[in-house]
Amino acid sequence: MTVRHYEDRVVTAFLYCAVFWALLGMVAGVWVAAELVWPTIDFGIPALSFGRLRTAHTTLVLFGFGVSALIATAIYSVQRTSHVRLFAPGLAWALFWAWQLAIVLGAASILAGWTSAKEYAELEWPFDIAIAVAWVAFAVIFFGTIARRKVEPIYISNWFYGALIIVVAMLHIVNSLALPATLGKSYSLFAGAQDAVVQWWYGHNAVGFLLTGGFLGMLYYFLPKQAEQPIWSYRLSIVAFWAFVYTYIWAGPHHLHYHAVPEWVQSLGMVMSLILLAPSWATMVNGIMTVAGAAKKLRTDPALKFIVLALAFYGLATFEGPMLAIKSVNVFSHFTEWTIGHVHSGALGWNALITFGTFYFLVPRLAGVPLYSTRLANVHFWLALAGTMLYVLAMWGAGVSQGVLWLSLDDLGEVRFSFNDVMAAMQPYYLLRLLAGLAFLAGTVLMAVNLAKTFAGRPTAVAMPPAGRRA
Amino acid sequence: MPARFSLLSLGKILFSPAEAFQAVADESPPASRVFFRFALWIGLLPPLFAYVGTTLFGWRLGVEPVFLPQPTVIAICLAYFAALLFGFVSSAVVARWMAVTYDASQSLGRCLALMAIVGAPLAIGSIVHLFPHAFLNVLVLVPVLIWCMYLLYRGLPVVLGTGPNRGMLMASALIAYLFVAFVSLLGITVALWGSGIGPQIGT
Ligand code: HEM
Ligand code: HEM
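From first to last, the protein sequence lines are chains S and W. The first sequence maps to residues 1 to 471 in our numbering. The second sequence maps to residues 1 to 203 in our numbering.
Bear in mind the hints are in silico, worked out from the structure with no lab data behind them. In this text, a Cβ means the ideal position worked out from N, Cα and C, and glycines have one as well. Careful, some of the hints might be misleading.
Said to hold, decoys possible - One side of the interface only, derived from the structure: several residues of chain S facing chain W at Cβ under 8 Å:
| no. | residue |
| --- | --- |
| 1 | Val291 |
| 2 | Glu320 |
| 3 | Leu393 |
| 4 | Leu405 |
| 5 | Ala425 |
Stated by the list, open to error - Quick look at which bits of chain S chain W covers, simulated, 3 or more residues with Cβ under 8 Å:
| no. | segment |
| --- | --- |
| 6 | 331–345 |
| 7 | 428–439 |
Bound-form chain S, shown alone:
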């Protein structure tokens, strides 16, 4: 066979799994949200207890849904921006199976009570090693494809995907350094304040390079595709990239304000977080101007709606973030639901919406037929918007109430309200958040049905690199 078509079947496979993990992860999210309203619905089963299920939620949505979606779109776009078939497709399939297996077993291990007690890196050392190996495979496939590219410049989306691969490898390996004691238990090499700083260097840059950088790669490829218009300012995108990479790395200590880490480290984290607003917003402006420039010829398309709204939430999250990093705001917001609201304005409004938009764009192309139902997609859009808004507003309300209650002192200057009082006051907000989660989940179910009906058992369509450019 001399035909060297793009390797898209593995993209389809990752995409299916991403949708599956999104559904499962959100069900877990809805369940933990419900546990905060009705604490007894863990039925005394340890695997359903809040601590374990919450960790399962974050693991499934971040690494099951988020990373599968990122790998799918990276593989799809790197071939098209390089005009070559994927490097080592066999390895890509191995990566696919390894990753999905790691998520299945990893989630099971968390429910069974294994944890390294490091947030967003709870999986124990056997998984850490497996993930590191799988990640190297991802790097080989991705950079191998870039090395064989038929176009001289490396397109901007690949810079972001590339940064995702390199930085996450670095973070993951350093933060996971530990001495194994048994198969299911290890002890971190870091202790005390050092451990905290390393952990949040990891935590924040996972947010930075995975939830932000990786998804910006998605944005930079799929937004101009969708708008049929080149990026508004290519130069701005490159400048913003380097500013972004340089600044993010230093911002982690804003998670440790007023904790037992040196004062200057906290201040550094705060200043770097404020500077971070500039590259974050440069990208948003670039995206908005790209679609605005193409507005005249755009067709009404559900995919684009999701992507554009995602940009608005991206603007919110990256504005709110630097603000929360200011110490005089953080003294109020830290430990409150405000943080959770910030997380989900990013996670739902930005990460999930842009992925949904990308999937609505991608699936008709992978299946070679139009989307099964535009109407369902439009209903999904409103459910997603309403769900996200309701979530964020409920958490703002809860967070501000919590902050006020905790800072209230009585006549003797003692804390006026006990933890129990404050938790009881949160009940109504938790109920609202549960509704928000259900609406968001319902929208995701509609999407899953819509995408499945579009595929309807069809094989992935065959697409070829542009003729004449092939070696």
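Given the structure of chain S, go ahead and fit chain W with the ligands onto it with the hints provided.
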């Protein structure tokens, strides 16, 4: 002769917004009319309701009610009014600024009227401030707010005379501005609070 844009058209604005949007598009009311015959007055409602509610029932954050001294309540309500007016006018100005990019109408009157119609349900909904129980307020105002966002998406293309696609894009861009304005306000408030300016939360 259809009613011109004023408080008298409040019923239409609330209950058949589509007609109200069309009327603004046809009539293109001057900015001063929108502001003085409509926006200023409905903008007074939330701080008024808040004043009455806070004085009568105290703030309820879910635990026991908090009563504040009269001068503090008045100061807060005035600040609230100022913030609302600022939000209203600034979003209309931002809309007008964005209109260049999206090929939409740059009439300030239309932009103000758009924001007024979109914001009207919130102003009326703020009647729940009469009982300033935090959760009750969230419960009522959040659905109203989502309705307002829907109105923005629906109304913008009509009022500013741009296509549905460009309207959708511009509405999203405006929403981004509104988010940022709101969250800044929240941040400034708590930062001031934390540094001891504003109502005493202790004692
Ligand atoms: C310029 C960009 C951003 C900055 C400076 C920033 C800053 C912050 C700050 C200050 C906190 C609260 C720390 C605390 O009090 O504990 C936080 C929490 C968080 N942010 Fe952001 N944020 C940004 C963007 C984003 C985006 C786009 C996302 C995407 C989803 C995100 C996800 C998170 C998460 C998951 C947490 C919770 C961490 C935890 O478990 O405590 N952030 N961020
Ligand atoms: C149906 C949708 C969802 C619901 C109902 C939901 C619910 C929840 C709940 C109840 C928590 C625990 C909050 C607490 O401890 O107070 C949580 C945490 C978290 N969720 Fe979700 N979630 C949803 C979707 C998502 C998605 C799609 C993502 C990521 C892409 C995500 C990322 C996170 C993260 C990172 C945290 C940890 C935040 C922190 O520790 O600061 N969630 N979620």
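Comparing the hints with the structure gives:
1. Val291: 6 Å, holds
2. Glu320: Holds - the Cβ of S:Glu320 comes within 8 Å of chain W, reaching about 5 Å at its closest.
3. Leu393: With a minimum Cβ separation of about 5 Å from chain W (threshold 8 Å), the hint on S:Leu393 holds.
4. Leu405: 6 Å, holds
5. Ala425: Hint holds; S:Ala425 Cβ to chain W Cβ min 3 Å, cut 8 Å.
6. 331–345: holds (count 3)
7. 428–439: holds (count 3)
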